[in-house]
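Number of protein chains: 2
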Amino acid sequence: MAESEATNITWHQATIDCTAREQLLNQKGCIIWFTGLSGSGKSTLANEVASALHQNQHLTYVLDGDNIRHGLNKNLGFSPEDREENIRRIGEVANLFADAGVITATAFISPYRADREKVRSLLESGRFIEVYLACPVEECEKRDPKGLYKKARAGEIKGFTGIDAPYEAPEEPEIIIDTSVLNLEDSVRKIIGYLESADLI
Amino acid sequence: MAESEATNITWHQATIDCTAREQLLNQKGCIIWFTGLSGSGKSTLANEVASALHQNQHLTYVLDGDNIRHGLNKNLGFSPEDREENIRRIGEVANLFADAGVITATAFISPYRADREKVRSLLESGRFIEVYLACPVEECEKRDPKGLYKKARAGEIKGFTGIDAPYEAPEEPEIIIDTSVLNLEDSVRKIIGYLESADLI
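One line per chain: the protein sequences are A and B, in this order. Position in the first sequence counted from 1, then plus 137, gives you the working numbering. Position in the second sequence counted from 1, then plus 137, gives you the working numbering.
Hints are computed from structural coordinates only; laboratory data are not their basis. Glycine residues also receive a C-beta, built at the ideal position from the N, C-alpha and C atoms. Hints may contain errors.
[Stated by the list, open to error] Once the Cα atoms are required to be at most 27 Å apart in a straight line, the calculated DSS-like pairs of lysine-lysine come out as:
no., chain 1, residue 1, chain 2, residue 2
1, B, K255, B, K295
2, B, K211, A, K255
3, A, K165, B, K287
4, A, K211, B, K211
5, B, K211, B, K327
6, B, K327, B, K165
7, B, K255, A, K211
8, B, K283, B, K295
9, A, K165, A, K283
10, B, K255, B, K327
11, B, K211, B, K283
12, B, K255, B, K211
[As the list claims (entries may be wrong)] Label-pair restraints from in silico Cβ distances:
no., chain 1, residue 1, chain 2, residue 2, range
13, B, S216, A, V318, 44 to 54 Å
14, B, E322, A, V318, 38 to 48 Å
15, B, K283, A, E293, 25 to 35 Å
16, B, N204, A, V318, 39 to 49 Å
17, A, D219, B, N204, 38 to 48 Å
18, A, G292, B, Q192, 58 to 68 Å
19, A, A335, B, P273, 44 to 54 Å
20, A, F215, B, K283, 19 to 29 Å
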């Protein structure tokens, strides 16, 4: 530690960087960005992956509607501009978490390719893992865990992704999982396997 | 891990909570909120505290102008509303970091008592440590590490805290340090001592 006197402060000298934190945590900071329709299993899978990693002593954090919508993004609505700003802020926060060394999972529909690519561009190559949950809309609607498809069909929700608003599938995602075919355990295994092969854990 | 089939997904079952992450990290997530005039030593001290903690195997992260102003808050200016929103977003992000188990230091002037109290109210009691760097404005102006006081005196910057905009000192901060009196090393020691006595590390 610098022994400088108060009148001779050394500015910003002792910064601990991302690499130092990653050594402490024995992992690399990254974003596992889940994208897909409502009901495709984003939050479920994000939390299961985090849980499996945690059991192997890895530090993880999940950003999802539960901790973002009523906090950081509570002053955003559902206009096109606000949806874009929603994803932008989530991307910036996830990037800070990755810089902290945390394996960060995000679970948001994030329907627009351009918005997701902007987040990808924030990170160094290999640190943004896009996981496309390619579950057919019919299956998602059958699950309808939050009753949102029913409301969208009844016209109570306008601009609902997959019903009357578009979803732009990723062109080159790192991982594709059809959760109507692959079960939860195997889906988790596939993602953990990817992290291992990419030397992130 | 749940062995449910894809058609029978268990929603949000496997959530790892803050307590689990804190056990993994052997520390408690919290915010060390530095507040004080420009030049009072917030970033320096935040980084030195983070460095000292890191050397003891603690995971820390510093939020400051360097990683916030050009990222998450790049769409904010310096109007009263934007300044409030600036601190609000930083508080929400710092709260997420604390929830992740990270010892999070923030280094922003944050001149308004009400804005700081809103952040405090996000966390459970004892997890928000307000550190008031009570360095006299004369000393801060003498240091002027970024040349901002000079610009403010020349009228090139309007509404500069301590010159022509108010700074509201905390009424009951957890820690007060006059960095014109206490040197850097002792300042770090005082903060680490507080964290120990509060059982956060």
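Outcome of the hint check:
no.	hint	result
1	B:K255 / B:K295	holds, 26 Å
2	B:K211 / A:K255	holds, 14 Å
3	A:K165 / B:K287	violated, 42 Å
4	A:K211 / B:K211	holds, 18 Å
5	B:K211 / B:K327	violated, 34 Å
6	B:K327 / B:K165	holds, 18 Å
7	B:K255 / A:K211	holds, 14 Å
8	B:K283 / B:K295	holds, 16 Å
9	A:K165 / A:K283	violated, 34 Å
10	B:K255 / B:K327	holds, 25 Å
11	B:K211 / B:K283	holds, 20 Å
12	B:K255 / B:K211	holds, 22 Å
13	B:S216 / A:V318: 44 to 54 Å	holds, 52 Å
14	B:E322 / A:V318: 38 to 48 Å	violated, 60 Å
15	B:K283 / A:E293: 25 to 35 Å	violated, 53 Å
16	B:N204 / A:V318: 39 to 49 Å	holds, 40 Å
17	A:D219 / B:N204: 38 to 48 Å	violated, 24 Å
18	A:G292 / B:Q192: 58 to 68 Å	holds, 60 Å
19	A:A335 / B:P273: 44 to 54 Å	holds, 52 Å
20	A:F215 / B:K283: 19 to 29 Å	violated, 40 Å
When the structure is compared with the earlier hints, violations turn up for hints 3, 5, 9, 14, 15, 17 and 20 and for no others.
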